[in-house]
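In the order they appear, the protein sequences are chains A and B. Residue numbering for the first sequence follows the numbering used here, beginning at 1 and increasing consecutively. Residue numbering for the second sequence follows the numbering used here, beginning at 302 and increasing consecutively.
Simulated from the structure, these hints should not be mistaken for lab results. Fair warning: there could be bad hints in the mix.
Stated by the list, open to error - With beta-carbon atoms standing in for the labels, derived distance ranges: (1) A/Ser179 x B/Leu411: 47 to 57 Å; (2) A/Thr140 x B/Ser430: 28 to 38 Å; (3) B/Ala415 x A/Val240: 19 to 29 Å; (4) A/Ser12 x B/Glu576: 21 to 31 Å; (5) A/Lys16 x B/Ser440: 33 to 43 Å; (6) A/Asp46 x B/Pro444: 21 to 31 Å; (7) A/Ile66 x B/Asn443: 31 to 41 Å; (8) A/Val240 x B/Ala630: 16 to 26 Å; (9) A/Ile112 x B/Asp541: 48 to 58 Å.
Bear in mind the structure is a predicted one, so any value in this text is a computation, not a measurement. Note that the Cβ used here is the ideal one computed from N, Cα and C, for glycine as well.
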Amino acid sequence: MAENILPEKGLSSYRKVRNALLGSLTAVAFILAVTPLLAIVYIAYDRGKAALSLSFITTLPGGFPIGIEGGIANGIVGSLILILLASLLSVPVGIWAGLYLWDQSHTRMAKITRLLSDLLLGVPSVIWGVVGFFVFSTNTGFGFHWGFSGLAAGLTLGFIMIPIVTRVTEQALRDVPRSYIEGALALGASRFQVVRGLAIPAAITGIGTGILLGVLNVLGQTAPLIFTNYYNTGIPTSLVGSNGSVGDLAMQIFIYIHEPSKALHVKAMAAALVLTVIVLLLDMGIRLLAWGSRKYAQRMG
Amino acid sequence: MNKEHHGAVRTNRTALFLERVMGVAMEPETRAQQEAGQILVENATLPLSTASPRILSTDSEGKSRSSEGESLHSDGKSVLKNLRETSQARIHRSERLFQGTLRVGGFFVLALFATVLGVSIVEAWPSISKFGWSFLWTSTWNPHRQIFGAWTYIVGTFWVTGIALLFAIPIAILSSLFLSDYSPKWLVGGVSTLMEMLAGIPSIVFGAFGIIFMVPLLRDHVEPFLANTLGKHWDFFNGDSMGYGILAAGLVVGIMVIPLVATVTRDSLVMVPRETVEASYALGSTKAEMVFFVKLPAVVPGIIGSVILGFGRAIGETMAVLLLIGNQASIPTSIQDVGYTISSLLANTFTYAVIDPLYAAAEIELGLILLVISLVVNTLGRELLMKLMGGRLAGSVGGG
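All chains, please: the whole structure from these sequences, using the hints.
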């Protein structure tokens, strides 16, 4: 009697098989997801290792077609110049806007600003290129008429960075405990004193993370450079005007990979490996910074 | 607490709405209560501007009460507006100056947005005014005869995005299920971090990888295989097996999108309540039944959000597509065909197009279409996920 009421022991074989199949399906998908990403790093190393050496990083390209000899010093120097210019524009503006969004977060204006800043995060990079071209590079109509130059490209990349720095700054400021801010205000501090002496120092790791995140995002940007800078095989002497173009790692990879030459493809993969390593190291730095500040915050209670 | 909060704000808004729009006068008692209610409620997240002691002078109590009393009798202004005005007046001048200075920072962001939209619209205007809406479905693109239409590029863009998403979504969702439920614990943290890091690799590196590895692979193995099997029955899979084309571009963009979709999906999987999982087990389901029939349906909105974000990322992708799609202005009819997308056309030809005003305007109008699609899609995805997760969402920048 009791045996009839109790369910069958164990699962039916259909459910057993289904259980195992679906489980292994997820594992296969996981392998499919991770393998290509790792393959990119491995193939960049495998195909580029013939060109890799210390002098690859420190010499300028030469030979014909240009780049067949020498290295990528122009690209590294140019990328650094561009990042510096982009940061010079976006760090002050981004922090400024972030402070505004934090301080007056409940006003209607701030809500609109926050929405538009978030929208700017989703603007495709070609559009930034077009905008940069018409604002900085074009020689007709309105704009700065700087031609294809490092300054134009750097500031265009700065445009891309502004919404990122703004967003992260606001978030970092929000993480400062309200009791600190209110305490300072209650003691009679002016809002400027609160911002300068309390909010920014407390949020400085977060803001630094935001700046690095912005740099990470613009480091490999190629499309905007096609519109505003193009490329230079040497180290530029000026940043504006007809010979103001700078080299750039991403542009260099793009140009080398476009050439029908095996030797240049090897150089391109080596340059891609260098760029990837820089990006991954920067990313790791950001994570360590964020992790460290979290630890610090925990210790401080 | 949370429910009360929303409730209070909503009643208050409704009251104001009734008062302003419908001309329904509220009872003074109710109104005062609601004001008090809002002030109490908003205290929890009081903006800095109302927390400074310099805002309120010593006799603030009396003043504010008297102003409230006055406004109760005036019919034109609402209490709230009056209160706000009086409290503004009591802010110290230097403080107001500082707040004004901060506002300039916000103004920069507004100006940047206006620049992006303004430049796109103004520079595209010759084309918009000449071709009108028919620009969207005209497939002729002839700079010599000055006829331009977007259809070829719109179709190409959606082909690449579609292939990328078809490839990426199942893999991303299944692998996020693996990470959330099947994988050993020690693997999860490391692998998620690794995936997020690899997602940051620049688009140009993905493109170079595509040319060096993906194109030969497709040309020599995948595409002939497709043509010999599926291609025998459907022309859709037949073709010249060149390697370059929408398939190569779509697959590489798909690889780029996987980490984004997987990360966002995993974040929403983590939020499935433990009770749901345990209830499912208690009813006798196997692990796979729990994961696929209970957990997965529970996170469908999150998955939709992540797919929308992935779409936004894929549609703006430029460099990898430019290198891989073959750059030929034709509408693909087979998966092995070459094509052109909006972003790759702009990156490839814009610098010569600027010589001809209408040609340039047509290209910028294409860019404007792309911009509008990305803005709409990104906003949708972001809003959806914000609503679901109620918090932070890492920004994703349109591809480089």
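Violated hints - listed by number, lowest first: Violated hints (numbers, rising): 1, 2, 5, 6, 8; every other hint is consistent with the structure.
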